[in-house]
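Produce the complete structure using the sequences and hints provided.
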Amino acid sequence: MEEELARLREAALAEIAACGTEAELEAVRVRYLGRKGSLTEAVRGLGRVPPAERPALGALVNQAKEAVEAAVAVAGERLAAARLAESLAHDRIDVTLPGRRRPRGHAHPLRLVEDEIVDVFVGMGFQVAEGPEVEDDYHNFAALNFGADHPARDAQDTLFLADGPDLLLRTHTSPVQIRYMRATQPPLRVVVPGTVYRRDDLDPTHSPMFQQVEGFMVDERVSFADLKGVLVHFLRRLFGAETGVRFRPSFFPFTEPSAEVDIACVRCAAAGAADPACRVCRGRQWLEILGAGMIHPNVLRAVGYDPETVQGFAFGLGTDRIAILRYGIEDLRLFYENDLRFLAQFPS
Amino acid sequence: MRVPLSWLAEFVTWSASPQALAERLTLAGFPVEGLEDVGRLDARIRVARLIAVEPHPHAERLSVCRLDVGEGAPTAVVSGAPELAAGQRVPVALAGARLPDGREMRTTAFAGVESAGMLCSEAELELGDDASRVLVLPDDAEPGTPLVDIAGIADTVLELEVTSNRGDCLSVLGIAREVAAASGVPLRHPRPRPRETGAPAAEDVRVRIEAPDGCPRYCARVVRGVTVQPSPLWLRLRLRRAGMRPVNVVVDATNHVMLERGQPLHAFDLERLAEGVIVVRRAASGERLVTLDGTERTLDPADLVIADGRGPVALAGIMGGEQSEVTAGTRVLLLESAFFAPAIVRRTARRTGIGSEAAYRFERRVDPAMVPEALDCAAALIGRLAGGRAAPGIVEEPAGGWTPEMPAIRLRPRRVAALLGVDMPRGEIRRRLRALGAECRSDAGAFVVTPPSHRGDLEREEDLVEEVARLGGYDAIPVRLPEMPLTSGEDSRTRLTARRLRRLLIAEGLAEMVTLAFTDAATNGRLPGFVGRALAPLAVRNPLSSETGELRRSPLAGLVRATATNVALGADFVGAFEIGKGYGVDAQGVRQEPRALAAVLCGAWPSRGVERIGPTVDFADLKGIVENVLAGLGLQEDAARWRPIGEEAFLHPGKAAVIEVAGTAIGVAGSLHPKIAQACDLAEEVWVCELDFEILADYGSRRVELRPVPRFPAVTRDIAVIVDEAFPAAAILEEIRSLADARIEAVRLFDCYRGAPVPTGKKSLAYSIAYRAADRTLTDDEVGVVHAGVLERLRERFSFDLRA
Ligand SMILES: [Zn+2]
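Here the protein sequences line up with chains D and V, keeping their order.
The C-terminal position of the first sequence is numbered 794 in my numbering, with every residue numbered one higher than the one before it.
The C-terminal position of the second sequence is numbered 825 in my numbering, with every residue numbered one higher than the one before it.
Be a bit skeptical, because a hint or two may be false.
[Unchecked claim] Residues on chain V that point at chain D, a partial pick, calculated with CB under 10 angstroms:
1) 186
2) 482
3) 631
[As the list claims (entries may be wrong)] Covered stretches of chain D, going by a simulated chain V footprint (3 or more residues, C-beta under 8 angstroms):
4) 549–563
5) 577–584
6) 659–669
7) 760–767
8) 782–790
[To be verified] Reference excerpt, derived from the structure (chain D facing chain V, CB under 10 angstroms, subset only):
9) 470
10) 541
11) 545
12) 572
13) 602
14) 604
These aren't lab readings, by the way, just hints derived from the structure by calculation.
As the structure is a prediction and not an experimental result, all values here were calculated from the model.
C-beta atoms are modelled at their ideal positions from N, C-alpha and C, and glycine is treated no differently.
Pasting the structure below:
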């Protein structure tokens, strides 16, 4: 028995030493230490040994088992290390192969810009409101102090609907001013993004449909100086803290005093000098960006406010125009033709 | 408006560069669009006196001209121009001169005769359109003088925009007034008067106003003995530079006065006016008039006309008639200057489509006080240029003249401060108002302001506040942030939902589109979509083309069209969505603009790596996107039921579904009806869906309900069935779910197989059921019991071959 044990042990250690792979090592382990392995059998064989011999023989069996187990462990580590070294030395992938991608979606530039604009005003405490695109003459014109024969009411400029003599596609977001103020008492500050329409064919500089953002603020004392403050803040958030902003007198039926607001040409400013041939400002150095003014007393009256006790300002800007400046786009049609090769250039 | 600076300088003197002047006007509310240098001719283009004109010895059509160009011996130039005569002053471009078109002159020989330069036409010098003859200069032009040094040749033209409320600035004088007010310098306002001779005008002409609402003031002058000829160079240049075409000296003189003083005038050939009467009246229905442009027009009773003893001779304030037109043979003129009501002129101008310079000014209100003054200016100018003799007196109706009473407007300094947000001294307010020509007197702490007659736009206190602010410049008003209670702003629910949906769909790989709300009637009829399916279409009354004839009922109208465009441009994959509106009228006759989320998939997915192209898109792709969107909004995974759609106008009846949640249809998805795809030139299958935005917004605003994370393991059992091809796979899922056993955690279809050994016309479906209890590990026995119950229910319910 003892010799047999010694022989087993020597054979096992030799076989372990000879193992070249972890699979071979595992086979050897099973042959000696597995459920039916020789050493396991030997342990089982102890039962047939006379009881007096068992302790000594048992110790020998255990020694042999532990020696083999230790050898397996050592060989295992050796072989794992060798396998790792082998892998590190030889396994190579082509990292330049293309990645496996899911298609990437894109937001429309007009929506990106609209969100940007709205977010600035929401950050200043403005509420967001919306209104219908199919409007009537009262909300689109009359309540906004357009005289009965104001040229803007012309069928040349406005798309009318066949359903009623008064029905039209709103030409600006200002009707929402009327709807909102009629339903709400000051103080209020509201911003209104939306789609508006004009009777134009789609060409590089015109579209029958475009986007506007309207804003207004009314309380007991809000003044032209406040209007300047809010718009300067807005424009600098949008175009950069250094952006030059200027206010020029202008005329709109629904504001008095009225102003046109310009920003310094973004391209010339970036270049550090006015470029007489600049294709963005055409050498004028300033870009018309929005219209604004103090809400006309006739408009305040139309919504049931008393112009002697409340006053406010309103402004409107073209989202398309800001997107054009923001992305350096020269053709308005790109926004509405939805060529995926154009859209795919915008971030997700 | 185009204003030559040399003309402006006759009325005001400013001490600034043209650029600074442009800036000043821009900031005063007249944005300058351009500053154009004109007539800056090369100094080697000179005045020459023709000493002699002789035929060319060898060339029939050429002449050899000997010129006095102010220095040394005469210069010889060969010319092919007609009508050359000794003594004329003409421009010559000498060798080395550069013409406006860039050509450089050289000494050249023509058939053996050397030419030291070229005699120039006005077209070659860009001073006019006539290229047929050499420009003849005034006789007082000194030979040798560079043309550019002759007064009126070189100039700078301001091109500026005048807003529709400032009709008073549609003239050189009006702009000069603004320059004077903005710069604090005096205005020069000369008032020329004609020398009057002969019989009084009233003997030749009678004026009657039958429509005083349309014409509260009419003035006429008679000028006898005119010679109608081309205008002198300076006048032609001025008109051209101001944007008008020279016609003849009479017409040009009236246009000159209009451009200078803002009052449109009209000259009639008095001898062609019947009975020497002028009647201002409404047109009779069906009356006809051939206008100066040669068009016969049928008049409307709303039109205001000027009539003579026979009938209409002019559309008042818009255009004269051909029959009384001033021609080369005209000897006696009737000059008309009137105030025509803006609204009436505008209506007729719109109706007839005539956009004349006169109508443009009358529509914006002319200055009533300018009516006789302009008439005098024109008569004086015609007297000077056309040899006319003004008959004594202005024939005027109403007899005493008419100037409207200007409103007396109360202006409170505290109102100025409140609106502008800045305190302004009373003296400064008064100074600015007076600079505009307004009368301004103090009254109980306020001002009472009467605007000058040319400022019809000033009607109320706020108008004056604007003027006060405008004259100081808006830049002088401080920039201040409002003081208000610190309340939070809030985006709208609609927009917040849209933003969320946008993120979800972009994550699915789709591109967002914004398409036009218009479509044609045929497409709109074929494509009702989902949210607009019950709406009647809304038609545009005045569309520019049939393509924009109606408002779409479904955003899919735009998306399908954009898909076709992209496919035509070569796109292999179109995956897009739009969050937009449908438009229409509901059964109650109420206009509706329901919002929808619409999406489209077409083609094959882009390659995902090392492959030529990805798999072709199919219904499962679309359904997966919709399911992810619903899940992204917080809807339970199994909340939506997809029912075969059956008959549907715009979808393939066998390849589309209605999506229902809790018994309510929330949208549809499927293959676009082949007929529609065909009509849009789409050969490929197009997968579309449209969901009701408002319902989605409701899901999106719900609170998240959390379930505990499982702590005990699940046991999975699979089943497989062989069913008819038509059997809906979801039936088994729904049946198992309907057992409502809390231990059935999830059921999933994991295989759908057709082909041997499954018989033809059948398919094999394999499901995996996960069993789990929240509070313990399920034993094999317990799972066995529940699973047996599942099998029993399926066998009871369905008659298929079930393999557990
Ligand atoms: Zn620029």
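Against the structure, the hints come out as follows:
Given the 10 angstroms rule on beta carbons, the hint for residue 186 of chain V holds: about 5 angstroms separates it from the nearest Cβ of chain D. This hint holds: residue 482 of chain V has a C-beta 8 angstroms from the nearest C-beta of chain D, less than the 10 angstroms allowed. Checking residue 631 of chain V against chain D by beta carbon gives a least distance of about 6 angstroms; that is within 10 angstroms, so the hint holds. Residue count for the stretch 549–563 of chain D with a Cβ under 8 angstroms from a Cβ of chain V: 9. That meets the three needed, and the coverage hint holds.
Requiring three or more residues with a Cβ within less than 8 angstroms of a Cβ of chain V, the coverage given for the stretch 577–584 of chain D holds, as 3 such residues are present. As drawn, the stretch 659–669 of chain D meets chain V at 5 residues by the rule of a beta-carbon pair under 8 angstroms; at three or more, the given contact holds. Check result for the stretch 760–767 of chain D against chain V: violated, 0 residues qualifying (beta carbon to beta carbon below 8 angstroms, three or more required). Counting residues of the stretch 782–790 of chain D whose C-beta lies closer than 8 angstroms to any C-beta of chain V gives 8; at least three are required, and the coverage claim holds.
Below 10 angstroms, beta-carbon pairs count as interface contacts, and residue 470 of chain D has none with chain V, the closest being about 36 angstroms; its hint is therefore violated. Look at residue 541 of chain D: its Cβ only gets to about 13 angstroms from chain V, farther than 10 angstroms, so that hint breaks. Nearest Cβ of chain V to the Cβ of residue 545 of chain D: about 6 angstroms, under the 10 angstroms cut. The hint holds. Because the smallest distance between the Cβ of residue 572 of chain D and any Cβ of chain V comes to about 5 angstroms, under 10 angstroms, the interface hint for this residue holds.
Hint status for residue 602 of chain D relative to chain V: holds, with the closest Cβ pair at about 8 angstroms, below 10 angstroms. Annotation: interface hint on residue 604 of chain D holds; nearest CB of chain V at approximately 8 angstroms, less than 10 angstroms.
When the structure is compared with the earlier hints, violations turn up for hints 7, 9 and 10 and for no others.
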